[in-house]
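**Student:** If you want the building blocks of each chain, they are given just below.
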Amino acid sequence: MKNKINLSILFIFLTFCFIIFYKGLDNPNSYTPKNNIQKNLPIFKAKDFITNNNINLASVFTEESYYILNIWASWCVPCRKEHPLLMELSKNQSIKLIGLNYRDNLSNAKKFINELGNPYTQILIDKDGTLAVEFGAYGVPETFVINKNKKIIKKFVGPINKKIIEEIKLIIK
Amino acid sequence: MKTLKIFLIIFLSVNFSQLKSDEINNELKNRILKNIRCLICQGQSVYDSESDFASSIKLIVNKKINNGMSEDQVYKFLREKYGDWVIYDPQLNKNTYILWLLPLLLFLVGGAIISKILIFKK
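Just so you know, the sequences run in chain order Z and C.
Per numbering that gives the first Met the number 0, the first sequence runs over residues 0 to 172.
Per numbering that gives the first Met the number 0, the second sequence runs over residues 0 to 121.
Bound conformation, chain C alone:
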């Protein structure tokens, strides 16, 4: 009886950890697929699309995750194949620094103008 209990505990814990890791992998996969643009669709992510291109990307992302690739490594792989455009969330590089820095610059200039007006009013 005792042996059976131990066996059951081991069996359940192994299965539970397997389920947990599958769940984590699925979450990661969905997060990545939602951040990849379907290049042959109109405004759809790979996650939302059922096109041939999207289903191939879904399969390859799944394969890469199962091979132990991290989220950044998957993005890097896809960027090498299709360029920066394939990722919805653009990285900071020489092509995108204006995109990232301009809002910050406008915010600072706007803040300076407002504070100057307020100081003048006082």
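Isolated chain Z, as found in the complex:
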């Protein structure tokens, strides 16, 4: 009788371990960030890409509309790939695109914009990458959707594609 109880306890323990490890097999090895978020906009000052003047972030997001903040750099190959889609998205009147130029050489960034077009209503300079950290970004490219209440509601890590564009259009509807 005692042996049976011990065996049952051992069986339950081993089953528990098996379930834990089996569930762990499904978890990805790399870190997957949460995409559905509800965060307030960070407060900071940045330099304007065109005028080089210092501006408050609050003065950028003034209108009552949806904003898309896109982190980009001229040295980033996926940014070049997603740029035509941003150009397409910029035609949508109900959203405003803000660019955050990440750890870039200013003249290269200007060449990039002159060559591929400017989808952004305003571009901010993030010379050392610290402003991107304030947004909780990992690198480039990264895109954030900001709602009318000035909350970051969604982020897309990596280049955007047509599926993401459709998702953004659904959010702002």
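Hints are computed from structural coordinates only; laboratory data are not their basis.
Mixed in with the good hints, there may be bad ones.
Below, a list of computed lysine-lysine pairs in the BS3-like style, where the Cα atoms sit at most 25 angstroms apart [as the list claims (entries may be wrong)]:
#1 Z:90 <-> Z:161
#2 Z:126 <-> C:63
#3 Z:147 <-> C:80
#4 Z:149 <-> C:75
#5 Z:46 <-> C:63
#6 C:63 <-> Z:38
#7 Z:44 <-> C:28
#8 Z:162 <-> Z:150
#9 C:120 <-> Z:3
#10 Z:95 <-> Z:109
#11 Z:150 <-> C:75
#12 Z:44 <-> C:62
#13 Z:22 <-> Z:80
#14 C:93 <-> Z:22
#15 C:75 <-> Z:44
#16 Z:3 <-> C:115
#17 Z:80 <-> Z:1
#18 C:80 <-> Z:153
#19 Z:153 <-> C:75
These numbers come from a predicted model, not from an experiment.
Guided by the hints, dock chain C onto chain Z, whose structure is given.
**Tutor:** For chain C alone, kept in the frame of chain Z given last:
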């Protein structure tokens, strides 16, 4: 001569206290950076990594410390931005209580089993 001596003492003590506070800040900064995970690297802390992400985090941690933030406040700031995963040393909360309590529970159960066996043997 006396004035010069007083001036030298004041000058050295001011510089010494400045050096001391820089040293304390550096120690604090390194301790924090060693406890932050580089989210785009394979098993490296921000302290060990030279990636763009890590260098941005290093700069921001430095800025926050210089602004007078404590170690816990820096962790809180980073946790708000990147979640609990960014810190190597997990805090006790509703997501991690099993992680913290299970070893203690196993230790107690193991201890109880061993003591029971010993009592039976006697």
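**Student:** Checked against the structure, which of the hints given earlier come out wrong?
**Tutor:** 13 and 17
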